[in-house]
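Asker: Chain by chain, the residues run as shown.
Number of protein chains: 2
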Amino acid sequence: MFTCGKDRVKDKIESFAKFGDTGKGGITRFSLSPEAIAARKEFIKRMEALGIQTVTDDMANMYATAPGTDSSLPRIVLASHLDSVRNGGNYDGILGVITALEVVETIVRDKIPHRHPITAMVWTNEEGSLYPPAMMSSGVICKKFEKATVLKSKSVEGKTFGEALEASGFAGSESNRLNPQDYCAMLELHIEQGPIMEAEKKQIGVVDGVLGMFNYRISAYGQSDHAGTTPMSFRRDALLAAADAIKYIHTELDKLAKDIVYTTGEIVLHPNVHTVIPDFVEFSLDVRHWDPAILEKALEVVKNIPKEIDKCEIKYKEAWSRKRVSFKPELVDLVEKNAKELGYSYMRIHSGPGHDAQYVADLLPTTMIFVPSKDGHSHCEEEFTSVEEAWQGINVALNTIIDIDKQ
Amino acid sequence: MFTCGKDRVKDKIESFAKFGDTGKGGITRFSLSPEAIAARKEFIKRMEALGIQTVTDDMANMYATAPGTDSSLPRIVLASHLDSVRNGGNYDGILGVITALEVVETIVRDKIPHRHPITAMVWTNEEGSLYPPAMMSSGVICKKFEKATVLKSKSVEGKTFGEALEASGFAGSESNRLNPQDYCAMLELHIEQGPIMEAEKKQIGVVDGVLGMFNYRISAYGQSDHAGTTPMSFRRDALLAAADAIKYIHTELDKLAKDIVYTTGEIVLHPNVHTVIPDFVEFSLDVRHWDPAILEKALEVVKNIPKEIDKCEIKYKEAWSRKRVSFKPELVDLVEKNAKELGYSYMRIHSGPGHDAQYVADLLPTTMIFVPSKDGHSHCEEEFTSVEEAWQGINVALNTIIDIDKQ
Numbered sequence: 000m001f002t003c004g005k006d007r008v009k010d011k012i013e014s015f016a017k018f019g020d021t022g023k024g025g026i027t028r029f030s031l032s033p034e035a036i037a038a039r040k041e042f043i044k045r046m047e048a049l050g051i052q053t054v055t056d057d058m059a060n061m062y063a064t065a066p067g068t069d070s071s072l073p074r075i076v077l078a079s080h081l082d083s084v085r086n087g088g089n090y091d092g093i094l095g096v097i098t099a100l101e102v103v104e105t106i107v108r109d110k111i112p113h114r115h116p117i118t119a120m121v122w123t124n125e126e127g128s129l130y131p132p133a134m135m136s137s138g139v140i141c142k143k144f145e146k147a148t149v150l151k152s153k154s155v156e157g158k159t160f161g162e163a164l165e166a167s168g169f170a171g172s173e174s175n176r177l178n179p180q181d182y183c184a185m186l187e188l189h190i191e192q193g194p195i196m197e198a199e200k201k202q203i204g205v206v207d208g209v210l211g212m213f214n215y216r217i218s219a220y221g222q223s224d225h226a227g228t229t230p231m232s233f234r235r236d237a238l239l240a241a242a243d244a245i246k247y248i249h250t251e252l253d254k255l256a257k258d259i260v261y262t263t264g265e266i267v268l269h270p271n272v273h274t275v276i277p278d279f280v281e282f283s284l285d286v287r288h289w290d291p292a293i294l295e296k297a298l299e300v301v302k303n304i305p306k307e308i309d310k311c312e313i314k315y316k317e318a319w320s321r322k323r324v325s326f327k328p329e330l331v332d333l334v335e336k337n338a339k340e341l342g343y344s345y346m347r348i349h350s351g352p353g354h355d356a357q358y359v360a361d362l363l364p365t366t367m368i369f370v371p372s373k374d375g376h377s378h379c380e381e382e383f384t385s386v387e388e389a390w391q392g393i394n395v396a397l398n399t400i401i402d403i404d405k406q
Numbered sequence: 000m001f002t003c004g005k006d007r008v009k010d011k012i013e014s015f016a017k018f019g020d021t022g023k024g025g026i027t028r029f030s031l032s033p034e035a036i037a038a039r040k041e042f043i044k045r046m047e048a049l050g051i052q053t054v055t056d057d058m059a060n061m062y063a064t065a066p067g068t069d070s071s072l073p074r075i076v077l078a079s080h081l082d083s084v085r086n087g088g089n090y091d092g093i094l095g096v097i098t099a100l101e102v103v104e105t106i107v108r109d110k111i112p113h114r115h116p117i118t119a120m121v122w123t124n125e126e127g128s129l130y131p132p133a134m135m136s137s138g139v140i141c142k143k144f145e146k147a148t149v150l151k152s153k154s155v156e157g158k159t160f161g162e163a164l165e166a167s168g169f170a171g172s173e174s175n176r177l178n179p180q181d182y183c184a185m186l187e188l189h190i191e192q193g194p195i196m197e198a199e200k201k202q203i204g205v206v207d208g209v210l211g212m213f214n215y216r217i218s219a220y221g222q223s224d225h226a227g228t229t230p231m232s233f234r235r236d237a238l239l240a241a242a243d244a245i246k247y248i249h250t251e252l253d254k255l256a257k258d259i260v261y262t263t264g265e266i267v268l269h270p271n272v273h274t275v276i277p278d279f280v281e282f283s284l285d286v287r288h289w290d291p292a293i294l295e296k297a298l299e300v301v302k303n304i305p306k307e308i309d310k311c312e313i314k315y316k317e318a319w320s321r322k323r324v325s326f327k328p329e330l331v332d333l334v335e336k337n338a339k340e341l342g343y344s345y346m347r348i349h350s351g352p353g354h355d356a357q358y359v360a361d362l363l364p365t366t367m368i369f370v371p372s373k374d375g376h377s378h379c380e381e382e383f384t385s386v387e388e389a390w391q392g393i394n395v396a397l398n399t400i401i402d403i404d405k406q
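These protein sequence lines map, in sequence, to chains L and R. At position 146 of the first sequence the residue is numbered 145 (numbering that gives the first Met the number 0), and the sequence of numbers has no breaks. At position 100 of the second sequence the residue is numbered 99 (numbering that gives the first Met the number 0), and the sequence of numbers has no breaks.
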């Protein structure tokens, strides 16, 4: 079995943590910001040190390819993103970029024989923090979004993504885009962003796909009246209706499956004044599960929500949804085989959050590796994965790449 | 029985509706704004037409006194306010000012014999829309607030109430303030702001006092995690805890009294993102009742709220509270006697909202008269009381003043 350099992994984590350092243990590194550009330059510098040039495509995605013994073969790509949310951590995304850098570095330095060219790649704007949507560039390249549309995406300061792309100097040729002729497989290592692996005491998550999901907006329409004058029996209190609707959703969805996850994370209340009975509430409902049949039943729960609760009219509408994505079974099996052979504890796991890999799965054979997130935290400065855990994940990535190379 | 002029009431309602007219059936007339000053000038002009001069005190409260036959007797005062909330209606407050104007006008024009001087009064800044708190001037004069503190009250634009008072030209002498030596009784007519009288088909509300109340903030502390990755059994969802806390409050408070009113009108959720489990909720709880023993029990319900709901810590704190205010029983009885003798349907009623009269009740014998609010609406452009209903209320006020004069 091959292994990469643990000290080098530590060095890479620490080096990239400087770009956008908040001084409180985390980073703010929006895509194409000065902080993200500094991180991009670090990527380029580290690849140049191995004699590898970096090219970009028209969405500023970066590709650094180590040649194999047979240049006619398609490339194997390791990819993730280096942008973050506001006050994010030092692991989400960047650990996949570090994996790509470290796997390529190990293969080059240790002269590990391989036939296919091997590419370390960085996706632009996975988080969509400044310019929505999330997974913007993989979405464009995998035909989920129109490029012309995302170029117009505006930050709160009114700058467009197109302007930021132009100004960055990282926009390259469309011909450099990831594509199924020049590339034969993609692997993405990511932190789990959840507490399951830690609870199960597993070192490697063998990700078999991404959960299907739907996101709905549920609203209650009541009547706004004075808190001091309206007898309880006259009231149509939209917040009480929302409380009952939330209880209904919990009761009904809990019946469907032990492993269904659903969240009412956002609420809008009107007029939101302590002396006025609320006349309008809207809240979000995000539901995720691996089995489309369970998701279908969950949708029925939403559609069977009583039309009237506490004398308030209840309405619902879809905000967005996605179908389940299954990763390439042969690649998933290879990840599992290598975790096993390296002597690491492992488990099959579905990804709850979305990743660039879920779009790429439509383009190329794709899979992912998860490493544990301490306390399940992500998108926050407390995000943490130990150097040991990261190194184990990267070792699985390295051996999986070499196995793919043999096929 | 004496009656006032129905056409004059209609004219007064229509005249004052012009000052701050939103063009959509209501008004925005913040205290001491140009619109409110125009309304003040209308008040002064109408009193001058009867040969009555208007003076102001140091809080810009206005007093216009019609002499009686015995100038050594203390004055009887009719008072309300002419300021409004944003997009308020043409009845809240201003109908009490119109009552004062019309009662004085009727007494003067019809030469109704009376011994005491009779004063029409306007309170400054009852709503506190631009400069909190509400009932600012009655609060200062009745020693509920420090004048020096309220002068510093700032509008959102950063102007202080003190500056607005100075600029208005309406600040007069502190010696003109309402006081228990120079005044013997106060009467305020107001719209009900609730649906009870309409539902009970009553024309006159004989107000016996203002409900006691408390306002608490209840909060739930959970854990913020990713919506897609955190199994339900691991979650500490603060919004779910809030929904259960709201249900608990409804279940427990409903047991206490049929006529208790309580409202959870305001909610703050953090981080309020549809893909993140909420880690913090705070909501308001406003509870009102006539009986201090019931309010005491309601407070026990709040204090007995489980310390932990849905694995979230629950906390509560008082925002503010007020004790019940009882109006002068002899005056309440006089209002009832006159409603009955005028042949109007009437009912005893408690005021849920606060009014300047509740502070004045500590200073002078005080009471209030309610007239119906269509559909119970107030603090909105839909506010409506018919000319007939207003006129009936003013007739009760007129006869009550004459009765007080006899005592």
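There's no promise every hint is true.
Chain copies aren't distinguished; within one or between two, either way the pair holds.
Subject to a maximum C-alpha distance of 20 Å in a straight line, what follows is the list of computed PhoX-like cross-link-like pairs (lysine-lysine) [unchecked claim]:
#, residue 1, residue 2
1, Lys310, Lys246
2, Lys257, Lys310
3, Lys142, Lys310
4, Lys306, Lys146
5, Lys316, Lys246
6, Lys339, Lys143
7, Lys296, Lys257
What the hints contain is simulated information worked out from the structure, not anything from laboratory work.
Asker: All hints, please: hold or fail.
Answerer: Tested hints:
Both within a single protomer and between protomers do lysine 310 and lysine 246 lie at most 20 Å apart by alpha-carbon distance, with minima of 16 Å and 16 Å respectively. For the homomeric pair lysine 257 and lysine 310, the shortest alpha-carbon distance between copies (19 Å) is at most 20 Å, but the shortest distance inside one copy (32 Å) is not. When the C-alpha separation of lysine 142 and lysine 310 is checked against a cutoff of 20 Å, the pair qualifies neither within a copy, at 45 Å, nor between copies, at 43 Å. In the homo-oligomer, the alpha carbons of lysine 306 and lysine 146 never lie at most 20 Å apart, since the shortest distance is 40 Å inside one protomer and 52 Å across protomers.
In this assembly of identical chains, lysine 316 and lysine 246 lie within 20 Å of each other by CA distance solely inside one copy; the values are 19 Å within and 25 Å between copies. In the homo-oligomer, the alpha carbons of lysine 339 and lysine 143 never lie at most 20 Å apart, since the shortest distance is 35 Å inside one protomer and 75 Å across protomers. For the identical chains of this complex, lysine 296 and lysine 257 are intra-copy neighbours only, at 14 Å inside a copy versus 40 Å across copies, given an alpha-carbon limit of 20 Å.
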